[in-house]
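Q: My request is simple: use the sequences and hints to build the entire structure.
Taken in order, these protein sequences are the chains called R and V.
Heads up, the first sequence is in this note's numbering, so the first residue is 1 and it goes up one at a time.
Heads up, the second sequence is in this note's numbering, so the first residue is 1 and it goes up one at a time.
It should be emphasised that the hints constitute simulated quantities derived from the structure, not laboratory data.
A few of these clues could be false.
Treat identical chains as interchangeable: a pair holds within one or across any two.
When the alpha-carbon atoms are kept at most 20 Å apart in a straight line, the in silico SDA-like pairs for lysine to any residue are as follows [stated by the list, open to error]:
hint: 1; residue 1: 269; residue 2: 176
hint: 2; residue 1: 234; residue 2: 213
hint: 3; residue 1: 277; residue 2: 334
hint: 4; residue 1: 269; residue 2: 177
hint: 5; residue 1: 196; residue 2: 169
hint: 6; residue 1: 163; residue 2: 322
hint: 7; residue 1: 337; residue 2: 294
hint: 8; residue 1: 270; residue 2: 177
hint: 9; residue 1: 337; residue 2: 348
hint: 10; residue 1: 337; residue 2: 608
hint: 11; residue 1: 337; residue 2: 350
hint: 12; residue 1: 264; residue 2: 177
hint: 13; residue 1: 196; residue 2: 535
hint: 14; residue 1: 196; residue 2: 167
hint: 15; residue 1: 52; residue 2: 69
hint: 16; residue 1: 196; residue 2: 334
hint: 17; residue 1: 337; residue 2: 347
hint: 18; residue 1: 264; residue 2: 176
hint: 19; residue 1: 337; residue 2: 169
hint: 20; residue 1: 277; residue 2: 176
hint: 21; residue 1: 270; residue 2: 176
hint: 22; residue 1: 269; residue 2: 341
hint: 23; residue 1: 337; residue 2: 176
hint: 24; residue 1: 163; residue 2: 500
Number of protein chains: 2
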Amino acid sequence: MFEITFRFENSEDTVVIAASPEETILDAARKANVAIDAPCSGNGSCGKCRVKLLSGEVSGLQTSHISDEEYAEGWRLSCCTKPLSDLSVLVPDIASAYRSRMKTADLSSGKEIEIFENLLSGVRAAGVELKNAFETVDLTLDAPTLDDTMPDNERLTRALAEKVGAEIELPFYPMRRLPSVLRENDFSIRVIGERKGETFLIYDITGRNDTRPLCGVGIDIGTTTVSAVLFDLKDGRLLAKASGGNGQIRYGADVINRIIEQGKNGGRKKLQDAIIKETLVPLIAALCRQAGVPATRIYRMAVASNTTMNHLLLGVDADPVRTEPYIPAFFHYESLKAADIGLPAHPNAAVRIAPNIGSYVGGDITAGAFAAMLWDRDELSLFIDLGTNGEIVFGNRDFLVSCACSAGPAFEGGDISCGMRATDGAIESVTIDETTMEPTLGIIGEAGQKPVGLCGSGIIDLIAELFRCGIINSKGIFVREGERVAHDRHGCGRYILATPNESATGREVALNEVDIVNFIRAKGAIYSAIDTLLSAMDMDESVLEAVYVAGGIGSGINMQNAVRIGMFPNVPLEMFHYIGNSSLAGAYAIALSEAADAKVSEVARNMTYMELSTHPGYMDAFVAACFLPHTDASRFA
Amino acid sequence: MFEITFRFENSEDTVVIAASPEETILDAARKANVAIDAPCSGNGSCGKCRVKLLSGEVSGLQTSHISDEEYAEGWRLSCCTKPLSDLSVLVPDIASAYRSRMKTADLSSGKEIEIFENLLSGVRAAGVELKNAFETVDLTLDAPTLDDTMPDNERLTRALAEKVGAEIELPFYPMRRLPSVLRENDFSIRVIGERKGETFLIYDITGRNDTRPLCGVGIDIGTTTVSAVLFDLKDGRLLAKASGGNGQIRYGADVINRIIEQGKNGGRKKLQDAIIKETLVPLIAALCRQAGVPATRIYRMAVASNTTMNHLLLGVDADPVRTEPYIPAFFHYESLKAADIGLPAHPNAAVRIAPNIGSYVGGDITAGAFAAMLWDRDELSLFIDLGTNGEIVFGNRDFLVSCACSAGPAFEGGDISCGMRATDGAIESVTIDETTMEPTLGIIGEAGQKPVGLCGSGIIDLIAELFRCGIINSKGIFVREGERVAHDRHGCGRYILATPNESATGREVALNEVDIVNFIRAKGAIYSAIDTLLSAMDMDESVLEAVYVAGGIGSGINMQNAVRIGMFPNVPLEMFHYIGNSSLAGAYAIALSEAADAKVSEVARNMTYMELSTHPGYMDAFVAACFLPHTDASRFA
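A: So this is what it looks like as structure tokens:
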């Protein structure tokens with residue numbers, strides 16, 4: 001056994017663990033609970049898990065993801081490298097940038113917020129009341145005397161029952177502090193509770209001077225990215241918004257790898273800890289800090305997520321989701337409380353889970369389709385959610401049919417060597433001068449922000465532009481020479497967006513042929529899913545009247561370019577509507593409103609699920625779509 | 001600041017803490033969470049908090065509790081001793097013997113078990129059904145197929161609803177393991193649940209081969225002693241019994257000192273931890289070990305305890321109980337679950353709290369009076385619960401009136417220099433030869449057990465015998481000389497029951513004048529409470545038809561001696577019935593039976609509380625009773 005000492009960029013911490021010569025550095029890191037990104041789950045294909053060898057001897061070959069110069073500096077892929085002696089390795093901060101960086105939104109501006117609020121006006125306009133059963137009740141109780149020795153709880157519940165005309169339920173959490181709160185406030189108090197049928201359920205008892213809002217939280221748990229909003233339960237006013245990476249990413253980029261990991265000994269706990277302790281706890285803490293409220297002020301929550309993600313969140317075995325006959329533990333599960341899974345909130349806060357309708361169409365889609373309002377429209381519409389899983393819903397108020405495809409993490413910047421989430425430093429738009437081949441970049445962040453990597457919308461633009469300018473062919477292979485085009489010693493071409501001097505990190509930002517092929521596969525999965533779904537209904541894209549595109553791919557998605565590369569059907573551009581993170585909007589609506597919650601369940605019950613993987617024709621459609629724009633070029637003429 | 005190093009008898013552990021010259025060793029021990037018994041809460045009166053100085057210099061005077069020889073050996077009272085240098089002190093194991101020793105009962109024998117079961121036959125005979133709403137239901141579900149993809153939870157709840165004819169509630173705890181349990185058992189399962197009105201509430205889903213019993217637990221939390229039974233919910237069969245000291249003892253021997261301690265910064269948490277983490281968690285673990293079941297198999301619990309103890313258990317501020325107008329936070333509190341306060345049991349297990357009726361008459365008395373069956377008898381009966389608080393209930397099926405007095409811990413061996421609980425090594429009975437003054441001892445434990453100390457019943461016998469033999473006078477002062485009588489240099493007399501050679505510990509076992517005075521005060525409190533309660537009803541002891549004596553004072557209490565010292569009223573001996581721990585029996589009945597639970601609440605609602613402390617005449621009656629047997633000797637003629 002050797003000792004591996006992990007050191008961390010921008011940190012004084014060290015972690016030491018014993019490792020055998022048969023274990024990779026990534027294996028050892030996982031044992032030691034050291035977070036190294038490995039979207040491909042350690043099979044050497046994504047190139048994300050790089051570490052820098054500071055001392056010691058290792059075995060393992062140089063891969064195409066490491067340049068000669070980098071190799072000389074000590075860079076290695078941790079999944080392909082094993083110790084031959086005691087080691088000291090540096091875990092780069094940048095490697096986990098797209099995973100761990102948390103972004104809190106400025107709610108005073110932002111296109112995404114606007115989109116978000118438009119969605120909700122639509123919901124309201126459709127007659128879904130955006131309200132809940134929470135109330136604050138002010139009470140002045142008689143102070144006890146030697147002749148009036150009624151105990152505190154009876155004193156409270158009798159007066160409250162009379163005022164609200166309901167039976168009172170006083171759970172342990174508010175009971176605990178009752179005598180102190182009554183006496184600190186001279187028996188003049190404010191009760192926070194929720195009406196449930198004939199019962200008024202108490203959550204908190206506080207003073208009259210406590211004017212902090214009653215809060216709700218909506219959460220979208222994506223396979224790669226997690227976003228959440230905190231809002232005032234009274235009127236739905238947004239108080240904070242934040243997003244970050246899903247901490248489970250180091251157990252695999254897609255749901256299949258995560259399910260395999262959770263099936264290992266202790267895996268369910270590890271995956272659950274990764275999403276709750278590592279991801280949601282700091283995310284909700286950021287929301288609360290931003291809004292200036294304690295987490296115990298969160299009284300109602302809703303989570304929209306795919307079937308695998310909500311199983312892993314609950315710590316429920318997800319293996320049956322993956323294996324025939326593909327049975328989730330639940331579609332609807334309505335009894336969850338924050339304390340059950342240790343979410344930072346009032347312990348009795350209900351956690352509503354947007355319902356699943358199948359193994360691969362989950363609550364993110366039912367919530368998203370709800371927010372996209374397909375169920376309230378006459379027009380035949382298509383809803384496309386671009387995430388690690390791509391999901392498609394087609395229909396109108398008369399019918400809804402859905403399917404899912406595995407796109408991989410490419411749309412969120414995973415599986416792409418310089419990919420990243422749509423956060424500061426991400427290149428979100430690209431144009432290329434056809435003559436000089438020089439790029440013009442749109443970068444997220446303040447003026448002067450140098451590029452760190454590429455987010456999904458930037459990749460779409462870049463591939464569309466490379467193809468338009470004839471720099472790559474329909475298979476994604478480089479066919480023009482130039483200053484911006486380079487090849488490594490294996491002959492793999494790449495387009496250089498930023499040289500080491502031009503980038504924020506001192507490392508080149510480029511898109512190579514492997515990345516392009518990965519991305520073509522992702523866009524092909526989406527297009528062929530749409531194609532197959534419409535064919536199954538004996539229709540084609542000519543019937544479409546509207547296309548709603550959702551997902552965290554970046555607010556600036558260029559629809560023309562997306563059509564140009566054959567990702568979306570070739571319909572008039574004005575039919576496309578980017579609706580942002582509709583899953584988050586749906587979660588927000590469910591957390592805010594009993595009526596929305598009920599409506600999402602109704603939409604889910606009326607949605608038909610089509611299993612693509614067993615559908616004849618899908619594989620052919622997929623292969624045909626893995627070209628730029630398509631093997632059948634007439635579709636994009 | 002100096003460093004104090006605590007070492008422990010029979011342990012390799014050490015604990016080091018910094019302490020100022022102004023702090024006592026006891027203060028430092030409490031800061032360091034080192035358990036040193038201090039029933040008097042550190043005012044130098046009980047003499048229990050002795051430690052042995054191994055090295056270092058200290059300030060503080062020798063007290064009467066430490067002999068010259070012991071002083072020379074390094075023994076000091078930790079509450080009266082402060083550091084003058086770094087110290088090393090030994091914390092003796094024997095000091096905490098009466099607190100921490102846990103005793104598990106052999107259920108195949110034992111007078112106490114017999115008494116316990118007789119009580120329950122009485123309850124059953126009175127028409128109270130000893131059953132609950134727990135059920136096990138065997139189900140065979142259709143295994144899912146590609147054509148039958150209903151998720152697990154719907155599959156379960158539909159089949160179960162049909163079988164039990166009720167709406168199904170599936171909380172998170174059983175939901176969590178659902179997919180695994182279904183598949184491990186080929187969809188042929190056993191459901192454990194409870195009917196609640198129209199609902200069937202699931203607790204566990206398990207395999208058909210799981211034949212372990214569904215368990216309930218009844219707990220009596222006394223100020224000094226805690227006892228519990230674990231039983232089969234199906235038929236009430238006892239599976240295990242255990243008892244131990246209340247870990248809160250180091251924060252004071254009586255409820256007043258505990259309430260003061262819990263009012264300090266962080267005190268509520270400390271007192272709650274002392275009863276839950278230090279006391280109930282190991283006690284329940286012992287029960288489960290004995291019965292061979294995991295704690296999660298406990299589905300229903302009940303606690304009988306005085307008002308202060310149940311407030312401290314819940315972590316609810318008890319200060320209003322102590323200060324005018326003496327208002328508890330609750331009399332009845334019915335919403336508690338095991339998970340709310342971290343009791344080791346199924347997290348959804350209800351924890352029923354026997355109701356309080358006043359600040360100083362709590363659930364131990366309502367549960368005890370229930371078990372003593374006063375509410376079902378025609379005879380005018382007296383119920384006496386001998387504990388740190390003494391409580392009296394008087395009446396019959398037509399009325400019940402109760403009061404409480406503070407007896408201190410003497411009946412349970414506290415406040416007595418060689419006192420201990422009624423466990424192995426306790427002298428539980430004494431006779432003295434009037435001529436030779438030599439004692440004959442009855443000692444708890446196996447044959448040949450040497451004495452460790454005196455439990456309550458032994459103290460009653462000893463004082464009665466010393467008085468009968470003219471060795472002490474009616475004030476408790478030694479008036480005969482002899483080999484067994486000694487005096488310290490302050491002139492304080494004592495009777496030696498065992499010399500260092502004769503004892504189990506190498507230390508003398510004796511009862512001194514201070515102990516006798518403490519005990520006379522305790523018995524005086526009980527007698528005067530009975531006297532005052534009867535007088536207030538315009539009655540006297542001549543109306544009594546039965547006297548039920550309860551408490552952990554020792555099963556062998558000699559009623560004649562108790563009357564002889566003026567502790568109990570002078571009624572014919574055949575009227576006395578020792579009924580053991582009736583509070584525990586009541587808790588057991590509440591945990592086992594919904595009907596018993598309801599009946600205890602009814603008894604509590606019909607019981608009148610008389611506040612003794614403000615009652616004119618009580619103080620005079622108390623002073624008159626602080627003699628052997630009484631200032632009015634005609635009462636005991």
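Q: Starting from the hint list further up, note which numbers the structure goes against and sort them upward.
A: 3, 6, 10, 13 and 24
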